[in-house]
Amino acid sequence: MSTVTAPQPAPTAQAPVGPAVQARIAWRGPVLYLVVALISLVFFSLLTPGEDTTRFMVSTRDDFVEIAPFAVPSRATALVLSVVALALALWATRLTTQRRKVPTWVPILFGGLVLLAFLVWVMAGNTNALPLTILLTGALTLSVPLIFGSLAGLLCERSGIINIAIEGQLLGGAFLAVVVASLTDNPYAGLVAAPVAGALVGAVLVLFAVRYRIDQIIVGVVLNVLVVGVTNYLFSTVLTQNPQSLNSPPRLPTLPIPVLSQIPVIGPVLFDHSLIVYLMYVAVAVLQVMVFRSRWGLRMRAVGEHPKAADTVGIKVNLTRVRNSILGGAVAGLGGAALVSAGLAFTKELTSGKGYIALAAMILGRWSPKGALAASLLFGFADSLRQVLNNLGSPVPSQFLAMLPYLATIFAVAGLVGRVRAPAAEGIPYVK
Amino acid sequence: MTATESLVAPSAAPPPAPAPGERRSYLQQVLDSSWVTITFAILMALVASSVLIAAANAEVQAAAGYFFSRPGDLLGAAWSSVFDAYSTLFRGAVFDYEATGLRRVRPITETMTASVPLIFAGLGLAVGFRSGLFNIGAQGQVLVGAAGATFVGITFALPPVVHLVLAVLAAFVIGALWAGIAGFLKARTGANEVIVTIMLNSIAFYLVSYLLTTSLLRQGGSRPISPAVAQTATYPLLLGPGFRLHLGFVVALLAAVAVWWLMERSVLGFRFRAVGANQSAARTAGIKVNLVFVLVMLVAGGLAGLGGAAQVLGTDKSLQASTAGSIGFDAITVALLGRSTPLGTVLAALLFGALRAGSPLMQTSAGTPIDIVQVIQATIVLLIAAPPLVRELSLVHRLAALFGYKSQEARS
Chain A
33 MSTVTAPQPA PTAQAPVGPA VQARIAWRGP VLYLVVALIS LVFFSLLTPG
83 EDTTRFMVST RDDFVEIAPF AVPSRATALV LSVVALALAL WATRLTTQRR
133 KVPTWVPILF GGLVLLAFLV WVMAGNTNAL PLTILLTGAL TLSVPLIFGS
183 LAGLLCERSG IINIAIEGQL LGGAFLAVVV ASLTDNPYAG LVAAPVAGAL
233 VGAVLVLFAV RYRIDQIIVG VVLNVLVVGV TNYLFSTVLT QNPQSLNSPP
283 RLPTLPIPVL SQIPVIGPVL FDHSLIVYLM YVAVAVLQVM VFRSRWGLRM
333 RAVGEHPKAA DTVGIKVNLT RVRNSILGGA VAGLGGAALV SAGLAFTKEL
383 TSGKGYIALA AMILGRWSPK GALAASLLFG FADSLRQVLN NLGSPVPSQF
433 LAMLPYLATI FAVAGLVGRV RAPAAEGIPY VK
Chain B
-3 MTATESLVAP SAAPPPAPAP GERRSYLQQV LDSSWVTITF AILMALVASS
47 VLIAAANAEV QAAAGYFFSR PGDLLGAAWS SVFDAYSTLF RGAVFDYEAT
97 GLRRVRPITE TMTASVPLIF AGLGLAVGFR SGLFNIGAQG QVLVGAAGAT
147 FVGITFALPP VVHLVLAVLA AFVIGALWAG IAGFLKARTG ANEVIVTIML
197 NSIAFYLVSY LLTTSLLRQG GSRPISPAVA QTATYPLLLG PGFRLHLGFV
247 VALLAAVAVW WLMERSVLGF RFRAVGANQS AARTAGIKVN LVFVLVMLVA
297 GGLAGLGGAA QVLGTDKSLQ ASTAGSIGFD AITVALLGRS TPLGTVLAAL
347 LFGALRAGSP LMQTSAGTPI DIVQVIQATI VLLIAAPPLV RELSLVHRLA
397 ALFGYKSQEA RS
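Protein chains in written order, with my numbering: chain A, 33 to 464; chain B, -3 to 408.
Source of the hints: derived by calculation from the structure; they are not laboratory data.
Subject to a maximum C-alpha distance of 30 Å in a straight line, what follows is the list of computed DSS-like cross-link-like pairs (lysine-lysine):
| no. | chain 1 | residue 1 | chain 2 | residue 2 |
| --- | --- | --- | --- | --- |
| 1 | B | 402 | A | 464 |
| 2 | A | 380 | B | 313 |
| 3 | A | 348 | A | 402 |
| 4 | A | 464 | A | 348 |
| 5 | A | 402 | A | 133 |
| 6 | A | 464 | A | 340 |
If you anchor each label on the Cβ, the simulated ranges turn out as follows:
| no. | chain 1 | residue 1 | chain 2 | residue 2 | range |
| --- | --- | --- | --- | --- | --- |
| 7 | B | 257 | A | 464 | 34 to 44 Å |
| 8 | A | 344 | B | 391 | 39 to 49 Å |
| 9 | A | 82 | B | 185 | 40 to 50 Å |
| 10 | A | 314 | B | 185 | 33 to 43 Å |
| 11 | B | 55 | A | 324 | 49 to 59 Å |
| 12 | A | 276 | B | 58 | 13 to 23 Å |
| 13 | B | 185 | A | 345 | 34 to 44 Å |
| 14 | B | 389 | A | 464 | 18 to 28 Å |
| 15 | A | 326 | B | 249 | 57 to 67 Å |
| 16 | B | 64 | A | 377 | 27 to 37 Å |
| 17 | B | 273 | A | 324 | 32 to 42 Å |
| 18 | A | 385 | B | 26 | 36 to 46 Å |
Beta carbons are placed, not taken as given, at the ideal position from N, Cα and C, and that holds for glycine.
Produce the complete structure using the sequences and hints provided.
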């Protein structure tokens, strides 16, 4: 191997003969796996008192199939999980040294194992049982606004418009959804109205970005402040004057899917929701196909990566951007409706930074609908876990659990879980 | 990085050079100047917000019911509601002509007090903007700075001046290190500073919330609030006990001068600006761009941390998780409105400080909620970011067009 270099052209002139020039091995991934697995082994299993048990509850009383809560020995379970995770980490390290690709299922399985070990540790010795279905259902419902938000972000960014205004779009959508649903006493009317508010914010964003060519980050940040200001103002004046007719939206009814919703665990978690959750499933699936497999998606990505080339072949760059931003705003508006779909009344700054988390989920998911879904579910899970553990009591302060999504995002953008690359022409106004 | 040049300086987009031999008329010069744009943007924001104020007023809504029989009532009610709101805002922020004695000038000192953290944080952001770094993390930096100052202020017993200086220094260092994380990550891994600083804001909030439940900051008591900082560590009051204005205001002005010197007169500032203008060119010229990223964030975070210190040591005297309020986000608008220059930032901070200081009186006397202030601020900044829009909306510019004025867009 060190002598025969014929098939590989030497890229540098200084070394015409010598060992084959190869890309440097990326050690970040395996090192991260090993460190996390060791932490899991030491903290979650070895430091747990041997006599503790962890109780899980996998079904509620209303479920079709009832499963009794069960307990597992904490240390042994965490030990098994951690050892498997460690083995996986070692295998990933071996693959990396051999310059082979680590398959995609490895990080997913690894994350799942460590997460389970964490749950076993957190609940060790706790007399309450961990309600697994409630935890997962909560994770899904909490992630729906984030998913819509990050889909909105990727629709804009894939066409070259940075959408920091997701927060404002969510908030505007939630506001209009509440007001319209309350006025008409019909939750579905709110669902129709919410995208209008989001689209309006998206339209203002793209007006400033395309027509006046202002830095899109600035417009986005300022639009967020504006929407917060306007909704706060309207809340303290109009909504508080007349809360009965303007701020008491009905709940979006739950529509269990026949048969599917009766599967144990999976049924109540995935198929026993209101319309907005099913809309989310459809949106992710449709966009995943449309963005990467359709003419529309190809054009959108061309505009976001190389607008000049796109223009040369006759794609209207700015028109594409306008359309996508408005569509994206509308999608984010739906996310706002999802925030209040449980019949929540509007409160000041209801979104509390969810738009920014959605932005992070979009980046973590590398600008793809599939990834956005996965990242948002992760964030939703962290949030749900925080809520559940708050009720049950845990050794970890809730503030640290609340920090998790943000820390994960920083790790992600810092490239610890692989490089992320934004669309090349993002944020740059296109002038012919 | 994206084109942040638009907010670097008012003259960043120079008007197209006139054809040889042709001088721009005075009308042209005046109407194209950034001062005119800023003034018009502020006026337009006030007008736009007055629509919201009038629309939410109960009397106006009642008068709107019979608009077609007596339209004058609606206009009268609208005018009085808007006048009430803005006049109480003025009375709360500048000069209370209905009070007596020294209390009449108290509002202006309140405005100055409210502007102190905005000046510090705005200066920090301005340094970042001019160096091409879009730092949205002032919120977190203010909060950790405030926490640092509080820790020194409540933990140690030191002589007066030393204690204050140490507390302020602690705020500077902790704020700088917090922002430095984003700078380091950008330099080392290319992580986008916008995302990292947004995330650091939330992390700072939860971190300080957590610290407020531990003995480090809470030191007894049941509510998540720190004890009051020692008297020796507070900023001394400038005008005696009747006024809240404290020495922090003077320090803020000195900081503005220091930032001016740093950016305009020092070698380091030249490097900062060079990186902001063109990273590749700066790298080619031998400037260590990655080092500059870290240094800029250190300076920006330190200044924001000083803002947090001013809030705790000067105004609030104790720390809560909500101490930073919306200072960090307001500071972004301050720096944008001030066009990232030190003088502009100070003036913009005074304007927004006035809005903050005047709004409580507006809420209690005129019944207009404080939240309108956010609408005014955001509208001002949106308009200022887009001078062509201001010129399109302005009646004066439309009228001037009859006398030979041509907007930049029409000329280019």
